[in-house]
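Number of protein chains: 2
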Amino acid sequence: MASLTDITAAAYINLVSILTFLLAFAFLRLQPINDRVYFPKWYLKGTRGSPKGSGVLVGKFVNLDVKTYLKFWTWMPEALRMPEMELIQHAGLDSVAYIRIYLLGLKIFVPIAALAFAVLVPVNWTGGTLDGMKDLTYSDVDRLSISNVPAGSIRLLAHVLMAYVVTFWTCYVLYREYENVTKKRLQFIASEGRRPEQFTVLVRNIPRSFDESVSEEVEHFFRVNHPETYLLHQIVYDTKNLAKLVEEKKRLKNWLTYYEMRFERNQKKRPKTKTGLWGLFGKSVDAIDYYRAELEDISNEEAAERDKLMRDPKCIVPAAFVSFRSRWGASVCAQTQQTSNPIRWLTEWSTEPRDVFWDNLAIPYIKLSVRRLIMAVSTFFLTFFFMIPIAFVQSLASIDGIQKVFPFLTPLIKMEAIKAIVQGFLPGLALKIFMAILPTILNSMSRIEGHTSCSALDRRTAAKYYLFILVNVFFGSIITGAAFQQLHKFLNQAPSEIPKTIGVSIPMKATFFITYTMVDGWAGIAAEIIRLVPLIVFHLKNTFLVKTEEDRQQAMDPGCVNFATTEPRIQLYFLLGLVYSVITPLILPFIIVFFAFSYTIHRHQIINVYNQKYESGAKFWPDVNRRVLTGLMLSQILLMGLLSTKKAAISTPLLLALLIATIWFHKFCKGRFESAFVKFPLQEAMKKDTVDRAIEPNMNLRAYLEDAFIHPALKGIDMKNPPPIAEDDNNSVVSTKRKSRRPS
Amino acid sequence: MASLTDITAAAYINLVSILTFLLAFAFLRLQPINDRVYFPKWYLKGTRGSPKGSGVLVGKFVNLDVKTYLKFWTWMPEALRMPEMELIQHAGLDSVAYIRIYLLGLKIFVPIAALAFAVLVPVNWTGGTLDGMKDLTYSDVDRLSISNVPAGSIRLLAHVLMAYVVTFWTCYVLYREYENVTKKRLQFIASEGRRPEQFTVLVRNIPRSFDESVSEEVEHFFRVNHPETYLLHQIVYDTKNLAKLVEEKKRLKNWLTYYEMRFERNQKKRPKTKTGLWGLFGKSVDAIDYYRAELEDISNEEAAERDKLMRDPKCIVPAAFVSFRSRWGASVCAQTQQTSNPIRWLTEWSTEPRDVFWDNLAIPYIKLSVRRLIMAVSTFFLTFFFMIPIAFVQSLASIDGIQKVFPFLTPLIKMEAIKAIVQGFLPGLALKIFMAILPTILNSMSRIEGHTSCSALDRRTAAKYYLFILVNVFFGSIITGAAFQQLHKFLNQAPSEIPKTIGVSIPMKATFFITYTMVDGWAGIAAEIIRLVPLIVFHLKNTFLVKTEEDRQQAMDPGCVNFATTEPRIQLYFLLGLVYSVITPLILPFIIVFFAFSYTIHRHQIINVYNQKYESGAKFWPDVNRRVLTGLMLSQILLMGLLSTKKAAISTPLLLALLIATIWFHKFCKGRFESAFVKFPLQEAMKKDTVDRAIEPNMNLRAYLEDAFIHPALKGIDMKNPPPIAEDDNNSVVSTKRKSRRPS
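Chains A and B, in that order, give the protein sequences. The first sequence begins at 3 in our numbering and counts up by one. The second sequence begins at 3 in our numbering and counts up by one.
Hints are computed from structural coordinates only; laboratory data are not their basis. Careful: at least some of the hints might be erroneous.
No copy labels: a pair is met if it fits in one copy or bridges any two.
[What the hints assert, rightly or not] Once the Cα atoms are required to be at most 25 angstroms apart in a straight line, the calculated BS3-like pairs of lysine-lysine come out as: (1) 47 <-> 186; (2) 369 <-> 416; (3) 252 <-> 717; (4) 672 <-> 369; (5) 185 <-> 369; (6) 669 <-> 369; (7) 186 <-> 255; (8) 648 <-> 491; (9) 369 <-> 242; (10) 421 <-> 246; (11) 47 <-> 416; (12) 416 <-> 69; (13) 649 <-> 491.
Fair warning: this is a prediction, and the values are worked out from it, not measured in the lab.
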């Protein structure tokens with residue numbers, strides 16, 4: 003077991019390496035050549051045209067201004083300085099709410115850590131159980147933990163009290179934060195300019211009729227049932243084929259550009275390519291001519307497909323975007339049930355046009371219901387039994403396995419070097435590959451579930467990923483053994499025994515989780531800020547591909563907050579902090595460092611780097627709140643189990659009452675705030691409508707909304723370039739402020 | 003253990019006694035003197051003024067027409083003959099949906115019983131495990147059950163298959179029935195005439211303002227946010243005091259009438275009463291003068307209280323009934339969120355005026371939330387730990403207990419006769435009293451939960467009662483031992499062991515449940531039809547109190563379908579039928595007899611007797627559906643446990659898949675139908691509005707709605723006499739038909 007000195011040493015090493023990374027970042031970001039990697043957001047905003055530098059040629063690539071190097075650390079205070087209101091306008095509410103998760107962690111754990119070190123650590127340290135013991139499984143970390151308190155001691159009362167303090171403080175902070183985010187969301191919605199989605203409702207499961215087209219039916223239905231407010235509607239086409247063609251056309255165009263550039267640089271030789279797979283096999287032809295011809299073919303095909311879409315009624319999906327004369331009308335329609343058959347004419351508030359997930363709009367209700375069932379079962383199996391196929395692959399990837407399947411490879415793998423690789427590397431590789439593609443698998447599963455917006459997809463994926471991490475990382479580390487073995491254990495153990503089994507092993511795993519926090523959490527931060535992959539990719543593209551300024555723009559990969567994979571990881575640290583705050587408070591400083599660094603760095607990233615793909619207005623906050631509360635409840639249950647093995651069974655009813663209070667708090671929060679994230683209140687809609695009418699009485703809303711919800715493939719515009727969104731004038735404030743932050 | 007012959011004998015005895023009851027009923031109902039006990043519904047409808055009979059004086063009390071006695075059995079086909087549409091108009095949808103629960107039982111269990119006796123019984127009978135056994139704990143009932151099939155036998159496949167058939171058939175019938183009831187509900191709502199609740203929304207949690215009164219605030223808010231549709235509103239007064247005064251006044255009036263009547267009959271002596279407790283202690287005074295004076299006092303008090311209500315703004319509750327110009331407007335307001343604070347201005351579709359539970363309208367959101375928490379915890383304790391106080395009372399009610407607490411009674415209880423009573427009667431009495439007042443306790447708990455309508459109260463009470471019956475009757479009988487002992491067992495046993503423990507004892511309890519069905523279920527039917535208590539009470543009142551025709555009207559106690567206590571009992575038989583259909587199909591005929599008799603008799607009762615207190619439009623059906631499905635899931639889990647002890651572990655995944663499919667079916671049903679019971683679709687509202695406007699373009703809706711939602715105490719009208727509700731002309735059809743059914 004790692005002793006306190008070991009952990010201090012590890013923390014020291016980790017901190018130094020992070021600081022090295024940060025220094026490297028501080029150096030790299032000052033080089034004009036990296037400007038587009040570390041400040042793409044500003045290029046996309048249009049406030050920065052080209053990297054600034056001294057006039058010399060070298061100055062275009064390397065920063066020669068010595069003064070700026072002396073102020074290398076200034077990015078940190080700069081990142082923290084931008085006021086939140088401005089940040090919301092600059093990066094959107096989603097991003098701001100996202101970094102508030104880290105802030106939430108700090109708010110919860112800093113006071114708890116202070117209290118725990120002031121009260122609990124002395125109580126544990128003087129507990130004296132481990133004093134006489136020469137047991138090697140205990141180290142001085144355990145002296146700081148509850149393990150050092152004798153069973154049945156009155157000192158355990160301090161731990162129960164601490165659990166109460168932790169619960170009440172966490173709930174208080176969560177409540178304030180939920181209130182805060184709700185207020186921000188409402189302000190954000192209120193302050194936004196006119197946006198198409200405010201007037202629009204997504205209608206699904208439109209019944210097919212033989213007499214009318216979908217379009218006519220929608221028009222009739224809404225003219226009758228919303229006579230005062232209905233304005234227009236846009237039907238949805240089945241654009242799967244067209245989208246594929248557009249994608250293929252883009253790929254071909256890319257190749258054509260590449261070969262044209264090659265030819266331009268080296269005019270002596272026309273580039274050649276092969277017509278077969280990956281350009282490696284088949285007949286050799288002139289590349290430029292070949293791709294031009296292909297491009298023409300596909301353009302014709304695309305035109306034909308568009309034509310077909312417009313003419314063939316079978317290509318029209320039973321879904322539509324219906325727009326209303328006022329926000330009030332849209333809000334009413336989105337919140338009400340239209341017909342007596344509740345699976346027909348389903349209405350929901352539309353998301354932003356760029357957030358719409360077009361492929362899922364057509365799924366009928368029953369199919370959707372079956373799909374969700376299948377995905378629920380799949381998630382269960384994926385979470386608990388994923389180790390089985392991986393173990394199978396690992397057994398194949400062993401020396402014996404390879405010899406069996408590919409006997410002809412036997413002489414090769416008999417070689418010492420290759421044998422070492424196979425034995426040491428391959429088995430782990432299967433697991434690594436699985437973990438890397440896991441988010442993609444989960445995302446596909448969420449897609450099959452049939453959500454209609456990208457933001458909803460991300461939220462559902464996050465929920466699945468959280469379950470996976472909870473079972474396989476948290477419980478997996480504590481109980482040791484694959485998830486299905488845990489499951490087997492749980493099913494064959496009394497419900498009152500399970501928290502005991504886990505509770506007992508929790509203090510022993512404290513050092514493991516401290517190390518995990520450093521290796522996974524701290525290292526993640528460093529990787530985040532230095533953006534190694536985008537840095538390399540950008541420079542490669544810049545060197546080999548970029549020709550014009552526009553190309554350079556496209557070579558930038560700003561990325562975005564990947565909510566689906568990062569939020570569940572943050573939740574793991576909330577869980578660890580809450581569980582160990584009473585048991586082994588030593589872990590808290592490590593978690594606080596994680597939250598503090600993450601907050602600063604992500605604040606920097608959303609200001610300078612990330613370009614969000616959609617804006618949902620912090621719609622994910624109810625999930626965040628629920629998961630932190632889940633962590634809190636788990637911590638109470640596990641403490642209950644641990645204390646009941648410590649001959650402090652009297653604590654069980656006390657902690658049970660706490661658990662019930664927490665569940666109640668969860669329900670209360672849900673009732674108090676959640677609807678603000680789902681519904682659009684009529685009063686707010688009415689206010690904005692009234693203001694709008696006063697300011698622009700003659701606004702042509704029809705023209706404004708007519709083309710707002712059209713599949714990007716039909717517009718011929720790429721999905722990643724949403725139509726320009728009306729933004730208010732405050733934007734200029736951001737751009738002016740920005741200048742003072744440039745390295746100069 | 004009871005053998006097959008024993009059970010047959012018991013069934014014979016029970017059937018004979020039921021038939022005796024039915025004969026007694028057939029005789030009693032023909033007597034004109036009992037007419038108001040067995041046909042009160044027709045008196046309340048106004049289609050029957052006085053009992054018909056031959057002209058002779060005796061004929062007024064006893065039926066002398068011999069012919070009618072020969073056709074004594076005709077009430078049964080008569081009860082079944084009325085078509086359902088007419089029945090809905092006659093008795094309301096609530097009652098009709100209620101008797102459809104019995105019909106649902108028949109639809110589910112008749113085919114299952116046929117199949118089980120055709121397939122499962124032969125399979126069990128020839129199983130042969132119990133052939134050689136001379137074990138006294140087994141009887142020939144067990145030969146028909148799964149106990150007779152050897153462990154690990156291939157025959158068990160038949161049981162698994164049967165479980166599949168039962169599940170699919172039950173789900174199919176439930177789906178069809180849900181669809182049917184939904185359709186009926188929508189038709190019912192569509193066919194109803196104009197009713198105030200269609201135009202009205204209940205608004206709660208109106209924020210207090212210092213500048214405006216509640217009334218002004220409501221008017222402003224809805225004029226702004228529903229400008230096109232808002233019509234008027236009615237504020238709610240805190241009428242608790244007034245209602246008490248009205249109640250007291252009624253009591254005093256009753257006494258006055260009683261004494262006036264006594265004086266009238268015996269004019270020689272003016273009646274006396276005493277002023278103290280219950281008229282037993284204190285000064286003796288002239289009764290008529292005394293009550294007249296008291297009545298005057300209370301009338302003055304009442305007038306003062308009414309005056310205060312109208313003037314004091316503190317007596318106005320932050321809730322209001324808001325009425326709209328159209329059903330569409332009300333439907334929109336009820337379904338939408340009004341403000342950004344989701345716990346302010348809560349709107350819900352109003353219930354009928356007579357269904358409103360006035361006392362709960364004022365409870366603020368947070369208080370409501372706390373109350374529900376407390377009631378949830380209380381329900382848990384009541385369900386699992388109710389035996390503890392009862393055991394305590396029982397120990398007090400023993401000989402030793404009485405000697406300890408009341409030593410002076412020692413000589414008395416030493417007497418043999420009294421000793422026998424104390425020992426044999428008192429301990430059981432405590433439990434009996436508790437079971438009798440349990441529905442009242444549960445109802446008070448639901449009241450504290452703060453529901454705003456009587457129908458919701460009944461539904462919530464039924465849910466609590468179902469839990470109680472499930473735990474204490476079903477599981478209590480199987481596991482034997484008080485509920486908290488079961489709970490202790492469950493907590494200390496592996497989750498996979500619990501179904502096994504229960505599963506094993508289920509076949510052994512079959513005879514017990516067969517007896518239970520006869521004693522509780524069959525006997526309940528007989529008690530229902532003969533209406534012994536109302537019969538006696540009516541004749542007592544009729545003899546001693548009734549003076550005028552109006553008095554006689556009031557002496558009738560038609561009663562109503564008591565959903566809160568009867569539905570959970572029906573659910574117990576669904577549960578028994580589903581659990582035993584695969585294990586011991588012998589129980590099914592007994593359950594079918596229960597459902598068949600109950601259906602006929604309740605159909606008779608809702609036609610001739612019951613007078614419903616409110617009409618919720620079968621709003622309870624989602625609960626019924628959910629509970630039957632709960633029973634189905636329990637049956638699958640228990641079968642899983644039983645089969646896994648029969649060395650047929652291979653069946654577990656098969657049954658697990660079935661369980662998941664059932665859960666999915668539940669969710670699907672919920673999504674498919676439930677909203678029809680909660681929301682009022684806009685299309686339906688619009689249709690009715692349009693028809694209304696076409697028929698009566700000049701309808702003065704304001705006058706119609708103005709006083710619709712006023713507390714009965716404020717109107718000076720008794721709560722049980724709701725304002726007359728507009729009914730359509732079809733009513734006359736019922737009244738004309740009725741004549742043919744009279745004994746003549």
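A quick look at each hint next to the structure:
{"no.": "1", "hint": "47 <-> 186", "result": "within (23 angstroms within a copy, 59 angstroms between copies)"}
{"no.": "2", "hint": "369 <-> 416", "result": "neither (53 angstroms within a copy, 75 angstroms between copies)"}
{"no.": "3", "hint": "252 <-> 717", "result": "within (14 angstroms within a copy, 76 angstroms between copies)"}
{"no.": "4", "hint": "672 <-> 369", "result": "between (29 angstroms within a copy, 15 angstroms between copies)"}
{"no.": "5", "hint": "185 <-> 369", "result": "between (37 angstroms within a copy, 23 angstroms between copies)"}
{"no.": "6", "hint": "669 <-> 369", "result": "between (31 angstroms within a copy, 13 angstroms between copies)"}
{"no.": "7", "hint": "186 <-> 255", "result": "neither (44 angstroms within a copy, 61 angstroms between copies)"}
{"no.": "8", "hint": "648 <-> 491", "result": "both (22 angstroms within a copy, 22 angstroms between copies)"}
{"no.": "9", "hint": "369 <-> 242", "result": "within (19 angstroms within a copy, 52 angstroms between copies)"}
{"no.": "10", "hint": "421 <-> 246", "result": "neither (44 angstroms within a copy, 92 angstroms between copies)"}
{"no.": "11", "hint": "47 <-> 416", "result": "neither (58 angstroms within a copy, 98 angstroms between copies)"}
{"no.": "12", "hint": "416 <-> 69", "result": "neither (59 angstroms within a copy, 108 angstroms between copies)"}
{"no.": "13", "hint": "649 <-> 491", "result": "both (24 angstroms within a copy, 21 angstroms between copies)"}
Checked against the numbered hints given earlier, the structure breaks hints 2, 7, 10, 11, 12 and satisfies all the rest.
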